[in-house]
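A.B. asks: Spelled out, the chains give:
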Amino acid sequence: MVLESAHQDPEDELEGYFSIRGGEFEDAGTCATVIKSALRKLGHSDECASRAAVSAFEAEMNVIIHAVAGTLNYTIGSDEILITVTDMGPGIEDIGRAMTEGFSTAPEWAKEKGWGSGLGLPNIKKHSDSLEIDTRKGEGTTLTIRVMLTPGG
Amino acid sequence: MAHLTTREIQEALKAEISAQGDLGREVVNCYVSDLLSDVLAKSIEGNLWITQHTHSNIVAVASVKGLAGVVIAGGNKIPEDTLEKARAEGVTLLRCDMSTFEAAGEVYNLLKGGAG
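The listed protein sequences correspond, in order, to chains A and B.
Counted from 1, the first sequence has number 28 at position 18 by my numbering; the numbering is strictly sequential.
Counted from 1, the second sequence has number 66 at position 65 by my numbering; the numbering is strictly sequential.
Looking at chain A on its own, in the form it has when it is part of the complex (with noise of 0.2 Å):
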């Protein structure tokens, strides 16, 4: 996982983007880390940001389990926080299956390292307001996440 190029405006950091590689699980969690703090910054609340964090954190771990390579995208509105990972992955075959829990396709590696218990998706769509999930075989995944955003305290 590559911090490329953070399009953060230094002010508020309303947005920004990064770059994911496949198998690189070393720095994942980067992404989640980033918004959870960009959120909290902005005065949001910390369960809301808990949310994003680990909504992003999930979508982020599925690119370095399953694709090639592929992007997070976050942009902070007024009142919701919309994350984009696309990836160049084999693709969801079994939608409903793979929002079931505890089914997985991961490979071993990943078990071994804790991940790869199916329940990435299922996590994705319990922590976000709204999940779309636009998947073709062979070509790639892309999440659509929404988490509203509530004042903190």
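Derived from the structure by calculation, the hints contain no laboratory data.
Under the rule of at most 16 Å between Cα atoms (straight-line distance), these lysine to aspartate or glutamate pairs were calculated in the EDC-like manner:
no.: 1; chain 1: B; residue 1: K43; chain 2: A; residue 2: E111
no.: 2; chain 1: A; residue 1: K135; chain 2: B; residue 2: D39
no.: 3; chain 1: A; residue 1: K123; chain 2: A; residue 2: E36
no.: 4; chain 1: A; residue 1: K121; chain 2: B; residue 2: D39
no.: 5; chain 1: A; residue 1: K123; chain 2: B; residue 2: D35
Now the stretches of chain B that chain A is said to cover, found in silico as 3 or more residues with beta-carbon under 8 Å:
no.: 6; segment: 36-43
no.: 7; segment: 54-62
From the three backbone atoms N, C-alpha and C, an ideal C-beta is built for every residue, glycine too.
Once you have looked at the hints, place chain B on chain A.
C.D. replies: What follows is chain B alone, placed relative to chain A:
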């Protein structure tokens, strides 16, 4: 539930401080799991997390979830890149020779001791 800091738990477990974050932080209950998605989904801010994993993703998970610290049970050696990342992000890593079962039992008694 008893109020304990990360340091008090570290002392009770006779754990090595492999990476030092805020040891004065109050521990809010404990979560035990080796499935990282499960920890992302169900741990809460301030939890102590007991795991067998030592790779660098545990730091990112702990950081994103705002955990009070991570206990690596079973005496597993922690790789240098994990330690560096933990120091950079201020995440406490405690290496403990006890098994997960023993460490979890000890932490349970400390936090919920006397409850029954």
